[in-house]
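Let the hints inform the model, and build the full structure from the sequences given.
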Amino acid sequence: MPPASATNAPGATTAPGATDAAGLRGGPALSLARRALRDARIRTVAFAYMFAAYSYIEPVGYRHAYPTLHDRLGFAHSFANNNAIRLFYGEPYNILTVGGYSAWRVGGTLAIIAAVFGLLAAVRALRTEEDTGRMELVLAGIVDRRTAYLAALAAIAAGICILWLGQFIGFVIGGLPAGGSAYLALATASVIPVCVGVGAIASQLAPTRRIALELGGAVIGLFFLLRVIADTASGLGWLRWATPLGWAEQLRPFTGARPLVLVLPVLATALALVVAERIAAGRDIGTGLLPARDSAEPNLRLLSSPSAQALRLERGSLIVWLLSTGAFAYILGLIAKSVNSAGIPKSAERELAKLGAGSVLTPTGYIAFVFIFFVLAVSLFACAQIGAARHEEADERLETLLALPISRHNWLGGRLALAATAAVAISLTAGILTWAGAESGGARISLPKMIEAGANCVPVALLFLGVAALAYATVPRASAGIAYGLVTIAFLWDLVGSLLGVPKWLIDLTPFKHLAAVPVQSFSSGPAAVMVGIGLLAAVTALELFRRRDLLGA
Amino acid sequence: MTAAGYAIATERLSKRYGDTLALDQLDLTVAEGEVYGYLGPNGAGKTTTIRLLLGLHRPSSGRATLFGVDAWGDPVTAHRRVAYVAGEPFLWPSMTGAETLAFLARLHGGTDVAYRDQLVERFQLDTRKKIRALSKGNRQKVQLIAALATRADLLLLDEPTSGLDPLMEVAFRECINEAKHRGQGVFLSSHILSEVEALCDRVGILRDGKLVDQGTLQELRHLGVQTVEVTFTGPVPQLAPLPGVRAQAAGPNALRFEVSGSIGPLISALAEHPVATLTSREPSLEEIFLHHYDSSDGHAAG
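As they're listed, the protein sequences go chains S and B.
What the first sequence shows, in our numbering, is residues 110 to 663, in sequence order.
What the second sequence shows, in our numbering, is residues -2 to 299, in sequence order.
Mixed in with the good hints there might be a few duds.
Cβ-Cβ distance ranges computed for the label pairs, FRET-style [what the hints assert, rightly or not]:
(1) S:530 to B:134: 33 to 43 Å
(2) S:152 to B:60: 57 to 67 Å
(3) S:409 to B:180: 27 to 37 Å
(4) B:287 to S:654: 39 to 49 Å
(5) B:17 to S:635: 26 to 36 Å
(6) S:654 to B:281: 41 to 51 Å
(7) S:407 to B:148: 33 to 43 Å
(8) S:255 to B:281: 19 to 29 Å
(9) B:174 to S:432: 21 to 31 Å
If you're looking for bench data, these hints aren't it; they were derived computationally from the structure.
All of these numbers come straight from a predicted model, not from anything done at the bench.
Here a beta-carbon is modelled for each residue, glycine too, at the ideal position from N, C-alpha and C.
Given below as structure tokens:
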């Protein structure tokens, strides 16, 4: 405090080493930004590694799998014009070159991950800080709201630069030209600030971190849906202009760059951040614009056991999972019929097999291919459930529970059972609603077959649930990171491992490899039993180990 | 020492976190129905003790029992006769006070609902409010009411009044006295000395993970330092030094003595001089407590 008044005094001589007015403003802001960056370092570094690895693997894999122009033409004709593929990777512009292919494959998927990163970063810095009361502490000092806000944004901006760098390095090592790599990495990274803006506004609206994430997640889901429709439905390509994921495509890296499109994300980001700042300046700390009900008549359902209460607390997010999975499955089913197998050369089939996609050229083949993403989603759901359990412990509410006559087995076992049941429900929802969508779209697929496809998601999810529980029991603080990391690595390894021509046993390490392509193939009970068995064993071990360790706060 | 017959018994209970020895060979017994004050500054190991007593953390060595049941080995049985109030009210933000009380009651069992409603009145808790909308003191009330309403044989309280206002502090003391009269035991971890002095039958003082003193307030006082103030009708006389007595001037005609042990020899010595007034004061718990912390060697009087 004293230095502040001293510097404001007119004519005061500045002692050597004293902070001047600018230094004061920069000082605390800089340390705030540094702390925020430090806070996010593990997430940032993990994403950067993932970006770098994926950016490296795609160009290398493409060159390896399709060395000649002839190979690439075959690939382009069959694979890239397939709606199912476009759904995930977006519109291909010129996939006959390594750069164009990389832009298509990497840009499409990484843009979605980048969007999630932006949301997480913004909500972490702008809502979680407030939720925990830390922001109050900061604002009680000599830092005003605007400075705190800008410091948080500066830290996120630094994180974005790190992600951009990760991608850039990945592409360059992967053999793409430096200029094009920089531009492609920029195209993907352009999604992040827009989603930071989304997260910033969500953080102002929502009274809690969780609601902010759900709001932001819904918006990103909408962005994705718009891009999917633009890329797959004919005549709706203009919708691409309505979503930041579409802007990343419209930047057209390696295929006739259009850098002017960058104006869109820049403007959208600036607008969102200014709006968020305005709201932030006018509201009470610790609240959101959306009304939060502080009082309620007691609702005494689902309070009879810790598991019942866990269901009660997770109910909201469970409904969100079911609804979004269902909606997505329905759309997939709807467009299944538009998959066209006419005029596909026989040679293309071989290329597709290399990608591990089976035959994606029939509606059932396409659905079988797409269902691997549901397997991924349900596995991530399992990780999230372990994350929620850990959260309960980190916030020390678990101490309150376990000081009651409740055993640790009972508590963790109940949570695992709940997670497993919910995973089954989400999986079956995916199967049944894909069937419903296919029926509405005119593709004939039997309901039992689609229930089978849904059930096919369960073994992998249970495997990861068990492994995540084991991580939770042994290294609780790192458990969420380990769980999400393993699922992501296993999934990406399945997608790209076969392209790289690595030995089969290495590729076989990922459980995704052992999935039957239901509904094209039948549900294979052998691998499923092994996966469920490993998951069960891991879960039982986790229950035993959890009984032997200290509870660990945040 | 056998664990049976005691609400709490620990045998050479130690806990090490990495390089830090948080609790060092604690031997502690609390009889059924006894109100035990557990004193120590922040970081002395009070919460560690309670976590070990509840089987939330695993002892590095030694063991802790509640009513003869091993706290780590069989926590569920051990907890049936115990109710716990944590130092920080960690509850579920989205649940209301009423829902939280109902939930905790169902999980514990044996809650006296009529008494609970009475406690809600006494602590003036608005149970319709969600936990996230409550201040820390009000959240603390939710925990306290839930614990008191179980009528458990032992209340394990970890700094239970942090955040309570003075009115509620009075209500809390009433409740603890009621519990005591019903024959419930209380283990009260605190650093609020007046609270411990007012409520507890026996007191233990913890320092750096070691129990440095233990006993009834009377016993602790006996071993502590008494203050004797004497004014004389004339100038202050010269007194021969006495063992265990420290004298210092307390005004023109007055001396203040700090006496360890019996004050008999001092009284005899003073009898030869013209004493106008003599007051003696037993040490407060605060003085006993500070005595243990002022001495840098930390050696206990007992």
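Quick rundown of the hints versus the structure:
1. S:530 to B:134: 33 to 43 Å: Holds, since residue 530 (chain S) and residue 134 (chain B) (Cβ atoms, about 39 Å apart) stay within the stated range.
2. S:152 to B:60: 57 to 67 Å: Since residue 152 (chain S) and residue 60 (chain B) have Cβ atoms about 42 Å apart, the given range 57 to 67 Å is violated.
3. S:409 to B:180: 27 to 37 Å: holds (31 Å)
4. B:287 to S:654: 39 to 49 Å: holds (44 Å)
5. B:17 to S:635: 26 to 36 Å: This hint is violated: roughly 51 Å between Cβ atoms.
6. S:654 to B:281: 41 to 51 Å: For residue 654 (chain S) and residue 281 (chain B) the Cβ distance comes to about 49 Å; the hint holds.
7. S:407 to B:148: 33 to 43 Å: violated (22 Å)
8. S:255 to B:281: 19 to 29 Å: Given range 19 to 29 Å: violated, Cβ gap about 51 Å.
9. B:174 to S:432: 21 to 31 Å: violated (54 Å)
Going through the hint list in order, the structure does not satisfy hints 2, 5, 7, 8, 9.
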